[in-house]
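So the sequences go chain by chain: G and L. In this text, residue positions in the first sequence follow numbering that gives the first Met the number 0: the first is 0, and each later residue adds one. In this text, residue positions in the second sequence follow numbering that gives the first Met the number 0: the first is 0, and each later residue adds one.
There could be a bad hint or two in this list.
Straight-line C-alpha distance at most 27 Å; calculated DSS-like pairs for lysine-lysine [what the hints assert, rightly or not]:
#1 G:Lys-66 x L:Lys-72
#2 G:Lys-66 x G:Lys-5
#3 G:Lys-54 x L:Lys-119
Bear in mind the hints are in silico, worked out from the structure with no lab data behind them.
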Amino acid sequence: MVDEFKELLTEQETLLWSGYSTMGNYLVYAVTNRRILIKKYLTEKYFKVKTLAIKEIPTIVLIEEKKGVGTIKFGGSDPMRENSLSWGRDATVIAQFKSILEAKELYRKILSLQYGSGK
Amino acid sequence: MKEYFDEFKEELLETEKLLWSEKATKVVIFDEEFFFISFILPLLYFTKFLENNLALLALALLLFSVKFYRSFKRRENLFYALTNLRIIIIKKGFYRESINIKILDKVAIRNRFRDRGTLKFYEKTNTHGDFFNGDFGARQVVLPKLENVKNVEMVYNEILKVQGYIK
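Take the sequences, apply the hints, and build the full model.
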């Protein structure tokens, strides 16, 4: 999946991981040594990209599902937090890698990058 | 302070040290439940002036029970920790959360009662929109909180040390 993100990387950036949601909803994810990237395809040719600087992300949440699949959420409150009388979706998640394989390993990798011990 | 080390052993990074840990209390009165009780009690009081008020009373009690149960379950098997790098929240079997305290703007103690209190965190900027879900505007990012922490001032000071504000 390197080609998916080749044009989006800066000179000092190295692609460390890329993958997609197992739910198959036209989302492709990547982690570089500096950022996380989310590419959402609107059609075959047109897409949107969202990026976050890893060191600026305030919170990272790992929700473990079955068979190594999990969701990583960036920014905002914990996933089970009730919002007083609000029953709607969590409005404070900035971005997420939804239902990806080997989520736990990727979560640790991102943390290592955030706190300086990663490559 | 480090009595729940086993819960966090797997989560710690290579250069990370556990400074403090605690298991969350299941019942927290001086928090959202307090405000909910403040809403329900007047409602229960005024139902006595209505005829055939059993349905309303039952509804009020049901809402209160659901709310209380959800809060109770939310805090079950919930553990907090402070390391030399960050704050970690783990809910066993469900999720783990990492808070980057060094980039936060403010830490505050709320809902104090004796030596306990809730630690709340505030981000520097609040201009994130949920782009992919059609929301292009700014939205306040709500950060997690550590509820009803024992020796809250000590923990607060430890956080300030990690942030570099005090030695």
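Okay, the hints, checked on the actual structure:
1. G:Lys-66 x L:Lys-72: With a Cα-Cα distance of about 25 Å, the restraint between Lys-66 (chain G) and Lys-72 (chain L) holds, given a limit of 27 Å.
2. G:Lys-66 x G:Lys-5: Violated - the C-alpha atoms of Lys-5 (chain G) and Lys-66 (chain G) are around 30 Å apart, more than 27 Å.
3. G:Lys-54 x L:Lys-119: 21 Å, holds
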